[in-house]
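Novice: Next come the chains, spelled out residue by residue.
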Amino acid sequence: EVQLVESGGGLVQPGGSLRLSCAASGFTFSSYWMHWVRQVPGKGLVWVSHISDDGSSTSYADSVKGRFTISRDNVKNTVYLQMNSLRAEDTATYYCTTHYSDSSAYADWGQGTLVTVSS
Amino acid sequence: DIQMTQSPSTLSASVGDRVTITCRASQSINRWLAWYQQKPGKAPKSLIYDASSLKSGVPSRFSGSGSGTEFTLTISGLQPDDFATYYCQHYKSYSPTTFGQGTKVEIK
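Residue numbers (my numbering), protein chains in the order written: chain A, 1 to 119; chain B, 1 to 108.
Okay, chain B solo, but in the shape it has when bound (with noise of 0.2 Å):
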């Protein structure tokens, strides 16, 4: 099974920041990784798929790259809203997906 390992588990940033979070696959997996952001006792929202294309209506802030075994998530000018767990997905049609532990964005 491949697994999905982010980096940090926790991130202390300002207002204005920008924000890189890393995921590592445990082997390529192409370009097939979602970021997805959830707030306490919120439903996930879907930010980032296919690696880098942004789900519409998701600020343009938000970036994603990477291909192969390594991915970031960047937040150029991070807003009072973006506080947050952000979780990468690695996922692949007909097969079960592999979510990241996830990267909890605080207020420094």
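Next up, chain A with everything else stripped away, as it sits in the complex (with noise of 0.2 Å):
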């Protein structure tokens, strides 16, 4: 059974850094691409960032761009998103998802984080 755990979550203020995580297990690791994926409190669904099966490749919205970085170890089968310079518009609950071994769509998700930016 494929199991994604986030942690990492809290409360900081603007300008702040947190550094999440997401454990996994129940799948081969390092043969997936991993997401983070992030809603507003009441809104919708927003990608944030994504990094290729051997971490090579990455990618960002542009809304966290140059402030957000991911990577992964797959020896610990788990992936980070570094989070610097925090802004208010940056809380929300924060998921990392993975996909089918077949499609680009999700398959699973964590059961988030919840990142709360302010003073």
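For the record, the hints were derived by calculation from the structure and aren't laboratory data. We put the beta carbon where it would ideally sit given N, CA and C, even for glycine. Accuracy of the hints is not assured; some may be wrong.
[Claimed, not checked] Rough simulated footprint, nothing fancy, chain A against chain B, three-plus residues with beta-carbon under 8 Å:
| hint | region |
| --- | --- |
| 1 | 27-36 |
| 2 | 61-67 |
| 3 | 87-98 |
Assembling the complex is the task here: the two chains are given apart, and the hints tell you how they should meet.
Specialist: Below, the structure is given as structure tokens:
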């Protein structure tokens, strides 16, 4: 059974930093691209970033480019999202996801971790 | 960028009803379309991918159809557990993804 468990969320002041982690199990982690998606309370789903299976390719939404960095450790089966220069508008629940073996659609989601940026 | 537009935004229905949600893409996306269900306070759950393929374990009352720019999610015989918000998503290998704004299915 695929399991994705996010951690690292919390309350941070504007301009601060947080690192989110997503621990994966139940599948061959090193063979799958991983993604972060966020959701502002009461709003819709928004793609944030993704990273290739070997970590050589990354991409970011314009709203986080230059502030967030995605990375992965294929030994620890974990994907990370380093978030710097946080803004109030980054307040959201952050989900990690992965795709199907035969499709780029998202197959499985973590439970999410809430990031609150506030003074 | 490709925009995804869902309709309606809110849908009122009764248990047993047949419910259809539409998702339109601003340009052709072949069949690269997925559907997700989300309940309040919970993570999204994957339902359908590649426009019409049902994820293993998802009840067969859920079905998807369409290609190009117009897609539908149909729930045949709405169950109490189906009251939730549904999102469509356009995806493509190695590319950023786009979600629709969501359709809330509520009890009539």
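Novice: Could you run down the list of hints and mark each one as holding or not?
Specialist: Status of the hints after comparison with the structure:
no.	hint	verdict
1	27-36	holds (count 3)
2	61-67	violated (count 0)
3	87-98	holds (count 10)
Checked against the numbered hints given earlier, this structure breaks only hint 2.
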